[in-house]
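A.B. asks: So the chains spell out like this:
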Amino acid sequence: MNFDLIISIINIVLIATTPLVFASMGELITEKSGVLNLGVEGMMLVGAVTAFVTLVITENYFLTFLIGTLSGVIMASLFAFLVLILMSNQVATGLALTIFGIGLSSMIGKKYIGTPIVGVSPYYFIVFSFILVFLISYFLYKTKSGLILRAVGESHTSAHAQGYNVIKIRFLSIIFGGAMCALAGSYMSIAYAPMWQENMVAGRGWIALALVVFATWKPGRALLGAYIFGSVSILQMNLQGFGVRIPAQFFVMAPYLATIIVLVIISNDRLRIKLSAPACLTLPFFKGR
Amino acid sequence: MKSYLPKIISRGHPSTIMSYWAPVIAIFLTLLTGSIIFSFMGFNPLFALHTFFISPISTSYGISELFLKATPLALIGVGLAFCFKNNIYNIGAEGQLTMGAIFGGGIGILFSSLDVNGFWVLPIVILFGAIGGAFWALIPAILKIKFNTNEILTSLMLVYIAALILDYLVVGPWRDPQGYSFPKTRPFNESSRMPLLFEGLRIHFGLILTIISILVSWFIFSKTILGYQLKVSGLSPKASKFAGFSQNSLVVLTFIICGSFAGIAGVGEVTGPIGLIYRDISPNYGFTAIIVAFLGRLHPIGIIFSSLIIALTYLGAEDAQLFMQVPQAVGFVFQGLVLFYLLGADLLINYKITFNKKEIYEF
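Chain order of the listed sequences is A and B.
Counting from 1, one number per residue, gives the positions in the first sequence under this note's numbering.
Counting from 290, one number per residue, gives the positions in the second sequence under this note's numbering.
Keep in mind the hints are simulated off the structure, nothing from the lab.
Heads up, none of these hints are tricks.
According to the in silico footprint, chain A covers these stretches of chain B (three or more CB under 8 Å from chain A):
| no. | stretch |
| --- | --- |
| 1 | 455 to 464 |
| 2 | 578 to 587 |
| 3 | 623 to 635 |
Distance windows between CB atoms, simulated:
| no. | chain 1 | residue 1 | chain 2 | residue 2 | range |
| --- | --- | --- | --- | --- | --- |
| 4 | B | E479 | A | R272 | 55 to 61 Å |
| 5 | B | N376 | A | D269 | 21 to 27 Å |
| 6 | B | N376 | A | L275 | 18 to 24 Å |
To be clear about the criterion: a stretch of chain B counts as covered by chain A if any three or more of its residues have a C-beta under 8 Å from a C-beta of chain A, and this derived list gives those stretches:
| no. | stretch |
| --- | --- |
| 7 | 432 to 439 |
| 8 | 443 to 449 |
| 9 | 611 to 619 |
Quantities reported herein were computed from a predicted structural model and do not represent experimental measurements.
Every residue gets a Cβ at the ideal spot worked out from N, C-alpha and C, and that includes glycine.
Please put together the full structure from these sequences, using the hints given.
C.D. replies: What follows is the structure, encoded as structure tokens:
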């Protein structure tokens, strides 16, 4: 294996993994505050289509990513309103967000399938993704706000008794999660692909959710996990290139299969999952008894 | 301090009446939102809603299509009700449907290519469909009870894997040699097809299977020990454990029931209206059935109504694309909206909203 090939593989892995890093970081913050948002896939798709349409209309990259990210904020606010104010079931609401996002994105994007665009270089985002992981680790474990966020996720009644506004903190965490998922989606349609296709996120949102469990809710491990997944999915392409004779569909299956295997390995340690998962995950909080 | 904002206060006990009203409120709000969306798109909202919800079912053919779409939705929905009642979030019914189509359809194609005929062919095809779906559902069930794996993520990953297996089969080994290189299998012969119920309409024997499954489910839910166990373990896992019910066997059983129902739905689609196997056998029936189950309040009779309502969004979206040039995905937007509103309206089951200041302060 020559040096150029290794460089090019590393390059592709970096490009392909970055959306997983963004989405899993967003979801990690949301889950740390005690809220499970299963709408990652839907928010990524809406982010992807919004960014794409904005780029086609304005041809301005800054606006593209701004509005792309904002779309995630709006989607996440909808979710936050339902689960925090109306105290709806988080699992069902997250599913609804994904179903809604899939429909909305293909409805908006219908006209734009096949529209050519000039993509943006992914390298800024790759660098930013590493900085983001560092910032989130620092925020969660070295700052007071991070401690409060974790406290809300571990015991909302205690945090409430300490005088912290549980609903507000959770709202902000959900919105941050939505913004990151939509950024991941925008990156996919503008820098990674660059094009719009129905359901182009292809399960990456769900893989990001699995990554958070795999990482036992720790940012650094989520980054590591994302890169393992990125490598697995790139490896399949390269094996194909080397002429390994297995039908293409089985290569495409690799990341999904890897997700299941990894979940089995990590979840088998019940105690570790129980100790690392935020204790109030999916529990609703009602102030007035 | 004076407050004019509405306040949410606890009812103390769940309101039964509200659990029936919530779906009605949700549907009304969805229609309202739909008409707002349509008027923003520049359509007369009344015309648009008429095109979407009335004209598709104004002919007998339309009514038949409505029941055709509701058949898999209700069948999967009632299967999901078993899981959801037990707080098991099996969201991979789409994959179980695909596996049912692969197993049952595979046997059907085998019989067809060997030119085997007989009245016993179709029952075997349906049975294999159920086995295929149950087998695919058993994977997340076993992973959950043996390795504590989250069933939401594993069942969903299996949807993608099932779709890729189907893709491999119709592109590769099962492709019809006379199919002009189009990725599809050869058509089933008459013995493996679901018989049509009426000449000239597409509703088929699958509808009867769905009705039977709903009746059996209703019986299980309301008259058997299993139904009682599901109810207890759904309401309070601790009480269920204390009563000596085995949570693990409940998990496996509900997954198998749900998977086999989804599998039958899948085999019903390929041997019913489609008549062969190709890539896009289901317009997301497995996911949409989640909405059907919730909208029907996880109750078999409720699911009959909700499956018809959601089936209408499929037909309406087809008509909207034809007559209003609105992308068909608008149907999924409506489905998402109705679930949002339903989940929001469910607040009223356990809480009430009051503007009465006295009530707020007394509380």
